[in-house]
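Asker: If you read the protein sequences in the order shown, they are chains A and B. In terms of this note's numbering, the first sequence has 68 at position 68, counting the first letter as 1, and numbering is strictly consecutive. In terms of this note's numbering, the second sequence has 527 at position 257, counting the first letter as 1, and numbering is strictly consecutive.
Read the hints as simulated data drawn from the structure, not as lab findings. Take the hints with a grain of salt, since some may be wrong.
[Claimed, not checked] From the structure, some residues in chain B lie toward chain A, with a derived Cβ separation under 10 Å: (1) Arg281; (2) Pro282; (3) Leu448; (4) Asp451; (5) Glu456; (6) Ala457; (7) Ala458; (8) Ser459; (9) Gly462; (10) Met463; (11) Gln476; (12) Arg479; (13) Val480; (14) Pro483; (15) Asn487.
For glycine and all other residues, C-beta sits at the position ideal for the given N, C-alpha and C.
Here's the letter readout for the chains.
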Amino acid sequence: MSNSLSKEPAPTPAPESGGLMVKAERVHKSFGRLEVLKGIDLEVRQGEVMCVVGPSGSGKSTFLRCINHLEKINAGRLWVNGHLVGYRQQGGKLYELRDREVAAQRREIGMVFQRFNLFPHKTALENVMGAPIWVKGLPRDQVREQAITLLERVGLSEKAQAYPSQLSGGQQQRVAIARALAMEPALMLFDEPTSALDPELVGEVLEVMKQLALDGMTMVVVTHEMGFAREVGDSLVFMDDGVVVEEGTPREVLANPQHQRTRDFLSKVL
Amino acid sequence: MTVDSDVEKGRPEAIRAVPVRHPGRWAAAAVVLVLVAMFVHFLLTSDALDWPEQRKFIFSIAVLKGVRNTILLTLTAMIGGVLLGTVLALMRLSPNPLLRGASWFYLWFFRGTPLYTQLLIWGAIGSLFPTVGIGIPFGPEFHTWQTQALVTAMIAAGLGLILNEAAYMAEIIRAGILSVDEGQQEAASALGMSRMQTMGRIVLPQAMRVIIPPTGNEALSMMKNTSLVAAIPFSELTFTAQTIYASTYKIIPMLVMACLWYLLLSSLMMVGQHYLERHFSRGVGRGTTSREPRVRFRGGGGGQ
Numbered sequence: 001m002s003n004s005l006s007k008e009p010a011p012t013p014a015p016e017s018g019g020l021m022v023k024a025e026r027v028h029k030s031f032g033r034l035e036v037l038k039g040i041d042l043e044v045r046q047g048e049v050m051c052v053v054g055p056s057g058s059g060k061s062t063f064l065r066c067i068n069h070l071e072k073i074n075a076g077r078l079w080v081n082g083h084l085v086g087y088r089q090q091g092g093k094l095y096e097l098r099d100r101e102v103a104a105q106r107r108e109i110g111m112v113f114q115r116f117n118l119f120p121h122k123t124a125l126e127n128v129m130g131a132p133i134w135v136k137g138l139p140r141d142q143v144r145e146q147a148i149t150l151l152e153r154v155g156l157s158e159k160a161q162a163y164p165s166q167l168s169g170g171q172q173q174r175v176a177i178a179r180a181l182a183m184e185p186a187l188m189l190f191d192e193p194t195s196a197l198d199p200e201l202v203g204e205v206l207e208v209m210k211q212l213a214l215d216g217m218t219m220v221v222v223t224h225e226m227g228f229a230r231e232v233g234d235s236l237v238f239m240d241d242g243v244v245v246e247e248g249t250p251r252e253v254l255a256n257p258q259h260q261r262t263r264d265f266l267s268k269v270l
Numbered sequence: 271m272t273v274d275s276d277v278e279k280g281r282p283e284a285i286r287a288v289p290v291r292h293p294g295r296w297a298a299a300a301v302v303l304v305l306v307a308m309f310v311h312f313l314l315t316s317d318a319l320d321w322p323e324q325r326k327f328i329f330s331i332a333v334l335k336g337v338r339n340t341i342l343l344t345l346t347a348m349i350g351g352v353l354l355g356t357v358l359a360l361m362r363l364s365p366n367p368l369l370r371g372a373s374w375f376y377l378w379f380f381r382g383t384p385l386y387t388q389l390l391i392w393g394a395i396g397s398l399f400p401t402v403g404i405g406i407p408f409g410p411e412f413h414t415w416q417t418q419a420l421v422t423a424m425i426a427a428g429l430g431l432i433l434n435e436a437a438y439m440a441e442i443i444r445a446g447i448l449s450v451d452e453g454q455q456e457a458a459s460a461l462g463m464s465r466m467q468t469m470g471r472i473v474l475p476q477a478m479r480v481i482i483p484p485t486g487n488e489a490l491s492m493m494k495n496t497s498l499v500a501a502i503p504f505s506e507l508t509f510t511a512q513t514i515y516a517s518t519y520k521i522i523p524m525l526v527m528a529c530l531w532y533l534l535l536s537s538l539m540m541v542g543q544h545y546l547e548r549h550f551s552r553g554v555g556r557g558t559t560s561r562e563p564r565v566r567f568r569g570g571g572g573g574q
């Protein structure tokens, strides 16, 4: 698949939609002169849980943010659920999508942030209810019922009326997961979801994520939790310096890394 | 910080120490007390204040009209100033350099010249722009008005105050918007919210917490600055007081009466601000939904 793209946007074949949720082809991203992603090729199948690991500055979070177009890629192509992310291709030409169209694309992608980013002026329940009401225009009563179910699912139904500042980090992150799920996304992105948590709170968040994986959600998880990657992940990607160094099942990569860089990294974190 | 551990056995005896004395505080309090007594004595006995004269005018039709105009002008100027200020703030934060530049220029002009001078210009607006019309820029006009007839003193006063206030509000609102964590916008975008929704539902409500206290100050000083529209001239509270003492020659009583009205109005505004601040501090801090920081300056940790 690496020979289909050159500098000018040649007509790219539509990605084989057969079970592919994310398809990245030679994705490049620079911030000014600094090239953070140097050609990423990755595929995430439907229902797959992909864990992305690597040293800080390796570009793994940037790649995640490219998937829902929080960052614009500079070269290459990126599809989610069969849609080209952020652009429309017509007659060999690329057109930038309007804000509204980008927003529509993001509705099928849920994202969970390292620092939760709950809306502090809204209660837990209102955080979960907001987007379906404002974005999808669904009736309030229906959304409220669904939101309460979601809070139960992450084990926080009794905290529905609490403001984020009254919740622990782990509880906030679980509300954030419920908030993302409320839009019924086809894909969930996790950007180091447990890195800002006190160690004793990590488990409760990972448990919710594990349940989500067991329910068949497609997930891309940037993480430092190797235990989670081994237990829940279907695939493990090791990134360093803007490229994918190694990719395989978690067992393979963790037990028998092929590259020196992977070995160095794993020896530091395991 | 556990307090209820009295039940524990072996709890040491509570501390009963002799508190530190503060002779300096006592002396200062005594001085203040004497000054207060002198002031009250002055209020009660001075002939210059002429309370009967004040009582005669304080609820007169002319003064009440002046008060009404002061309130109207304050409301108009603040509402218009906040709306226009929001537009200017969003322009300054826009990626488009032309919009940013236009907003910067507006602020440069209106913050760089005195309000009183601006109001004098509004008073003479007819000679600056003799006519206003609707038409094609640099082309034909479909309809033309005489400025003198269109812009009454009330409109000139309102516009003058709005345009000036907008420049200050723009900076306050911009600071408020910038105070909201970037992650909030990202989270909203990731949920598929549009820019407008993100601004209206997520960013501005949080920015309000930062925006309201200085806006309260702005409203207070606006209420007092309305007295400057005498430059146009437009008759509000101070101007009315002046008109009255121009014929009675009792200057101080009328000015003190005006002060009493201003104090009443500003006290009401402070109460309103208190409730607004409480409303927009939802979700801040742990525990209750509203939180009032009670910080007092105290030397040392002691005190009575």
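Asker: All hints, please: hold or fail.
Answerer: Now the hints, each set against the structure:
1. Arg281: At 30 Å from the nearest chain A Cβ, B/Arg281 fails the 10 Å test, so the hint is violated.
2. Pro282: violated (33 Å)
3. Leu448: This interface hint is violated because 16 Å lies over the 10 Å limit.
4. Asp451: holds (7 Å)
5. Glu456: holds (6 Å)
6. Ala457: holds (4 Å)
7. Ala458: holds (8 Å)
8. Ser459: holds (7 Å)
9. Gly462: holds (4 Å)
10. Met463: B/Met463 check passes; min Cβ-Cβ to chain A is 6 Å, inside 10 Å.
11. Gln476: This interface hint holds because 6 Å falls under the 10 Å limit.
12. Arg479: Holds, because the Cβ-Cβ distance from B/Arg479 to chain A comes to roughly 8 Å (cut-off 10 Å).
13. Val480: Status violated, d = 12 Å.
14. Pro483: violated (16 Å)
15. Asn487: violated (23 Å)
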